[in-house]
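I would like the entire structure built from these sequences, with the hints used as guidance.
For reference, the chains in residue letters:
Number of protein chains: 2
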Amino acid sequence: MHVVVPFGAARPKTRLSPALDADERREFAHAMLRDVLAALPDRHDPTVLATAPVECDAPVVVDERPLTEAVNDRLPGGDRPAGDESDAGSEDDPVAVVMADLALATTDALERLFAPDADVVFAPGRGGGTNALVVRHPSFHVDYHGASIRDHRAIAADAELETATVDSFRLATDVDEPDDLVELLLHAEGHATDWLRETGFAVTTTDGRVEARR
Amino acid sequence: MHVVVPFGAARPKTRLSPALDADERREFAHAMLRDVLAALPDRHDPTVLATAPVECDAPVVVDERPLTEAVNDRLPGGDRPAGDESDAGSEDDPVAVVMADLALATTDALERLFAPDADVVFAPGRGGGTNALVVRHPSFHVDYHGASIRDHRAIAADAELETATVDSFRLATDVDEPDDLVELLLHAEGHATDWLRETGFAVTTTDGRVEARR
Chain A
1 MHVVVPFGAA RPKTRLSPAL DADERREFAH AMLRDVLAAL PDRHDPTVLA TAPVECDAPV
61 VVDERPLTEA VNDRLPGGDR PAGDESDAGS EDDPVAVVMA DLALATTDAL ERLFAPDADV
121 VFAPGRGGGT NALVVRHPSF HVDYHGASIR DHRAIAADAE LETATVDSFR LATDVDEPDD
181 LVELLLHAEG HATDWLRETG FAVTTTDGRV EARR
Chain B
215 MHVVVPFGAA RPKTRLSPAL DADERREFAH AMLRDVLAAL PDRHDPTVLA TAPVECDAPV
275 VVDERPLTEA VNDRLPGGDR PAGDESDAGS EDDPVAVVMA DLALATTDAL ERLFAPDADV
335 VFAPGRGGGT NALVVRHPSF HVDYHGASIR DHRAIAADAE LETATVDSFR LATDVDEPDD
395 LVELLLHAEG HATDWLRETG FAVTTTDGRV EARR
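Protein sequences appear in the order of chains A and B.
Per our numbering, the first sequence starts with residue 1, numbered consecutively.
Per our numbering, the second sequence starts with residue 215, numbered consecutively.
Since the hints were made in silico from the structure, they are not lab data.
These numbers were taken from a predicted model, which means no experiment stands behind them.
Some clues are possibly wrong.
Part of the chain A face toward chain B, derived, beta carbon under 10 Å [what the hints assert, rightly or not]:
#1 M1
#2 P124
#3 G125
#4 L161
#5 T163
#6 S168
#7 L186
#8 T199
Residues of chain B placed beyond 10 Å of chain A at every Cβ, according to the derived structure [claimed, not checked]:
#9 E269
#10 C270
#11 G360
Where is the CB? At the ideal position from N, CA and C, for every residue including glycine.
See the structure below:
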């Protein structure tokens, strides 16, 4: 399956500003992208869909448009933009979209995303997001504004598509805010976790609240 | 399997104070308890382990001690307290512990918790908690202080027990804080969600942040 990994390369992870400075956010975002690419099962074919050039272990397509438009053009039935050299197969091939900040993702968790044979498969994120999805039908399109999981269910229902939902803590945990960092220290072993440890983060408990601090 | 459902009946859900007053917190906590009991597969045998008497659709045992002690006495190998009339089987029978605020829990998610044949099965919670577990070996005990999932892994490793972990967003989501309420409105259909809707809560999006508000 073709897997699109959107990556906000220009000013990544601004909501982590209370914990990390701009250079650190950039390094950390790259470490998470590496973890997501490494977790993809080998038989899949990733393209990083980035808002600016980025070095990584997968083909990169730069598209400066907002996320929703850039992703929709790459779904089954979408218009591939002029100049896009990515090998995304024919317009009837299924496409997965997996966010680049799912640094808790494991191959097992992603296999559960790819397994159901539904027209659309959702991995909801905490706070109403859609952290990953698989699209097998040209009538579906994404809309990442607001509580996107609700909108995506409505879009699928309007088009009378069969849907499935993957119940995964790992795929539900997009690392966006300082509170999310502790999940990496507790549950992940990849580049992003190593980076956090190397820059001095550790699990601390204050007043019953568990956090990553340095 | 015997399933212990701990319920803080005296002053439930104090961390929800910014969103709900004391009477509302009590009603809402009861609605969540009902949802958890309803989600348990029929073949299982629940006991609500409460810090004060509570009316619900399962046998209730009142134990005023801290959570860790009250649970440990009811695990395989634990000392059942004098006067405990609950039918928890022999000390070699497996015991599950499922928190009463897992209002997103479904029968499918709980079946995944009960399925692995390991000595101890964990369902980690967001923020380092242990939202549910299954204990099949008398050498394991719980310690719910701090980042309990880490301590529980260490306790199992020290006792050379085989462990399994269930990757479930539904079981990872304990409803503790106002930010958690939106998950119910987006992903659950039970008594707790009905209660939120009836008291005026709805999903709102402000500055890209998705919340339950009234």
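Now the hints, each set against the structure:
1. The beta carbon of M1 of chain A is not positioned within 10 Å of any beta carbon in chain B (closest approach about 20 Å), and the interface hint is therefore violated.
2. Checking P124 of chain A against chain B: minimum C-beta separation of about 7 Å stays under 10 Å; hint holds.
3. With its C-beta approaching chain B no nearer than about 9 Å, G125 of chain A sits inside the 10 Å limit, and its interface hint holds.
4. A distance limit of 10 Å between C-beta atoms decides the matter here; for L161 of chain A the minimum to chain B is near 19 Å, and the interface restraint is violated.
5. Taking 10 Å as the C-beta contact cut-off toward chain B, the hint placing T163 of chain A at the interface is violated, the least distance being around 14 Å.
6. Interface restraint check: S168 of chain A against chain B, minimum CB-CB distance 5 Å, threshold 10 Å, status holds.
7. Because the beta carbon of L186 of chain A sits about 6 Å from the nearest beta carbon in chain B, less than 10 Å, this interface hint is met.
8. Look at T199 of chain A: its Cβ only gets to about 20 Å from chain B, farther than 10 Å, so that hint breaks.
9. Distance check on E269 of chain B: its Cβ is at least 28 Å (rounded) from any Cβ of chain A, clearing the 10 Å threshold; non-interface status holds.
10. Non-interface status of C270 of chain B relative to chain A is upheld: no Cβ of that chain comes within 10 Å, the nearest being about 25 Å off.
11. The claim that G360 of chain B lies off the interface is violated: its Cβ sits roughly 4 Å from the closest Cβ of chain A, which falls inside the 10 Å cut-off.
Hint violations for this structure: numbers 1, 4, 5, 8, 11, all remaining hints satisfied.
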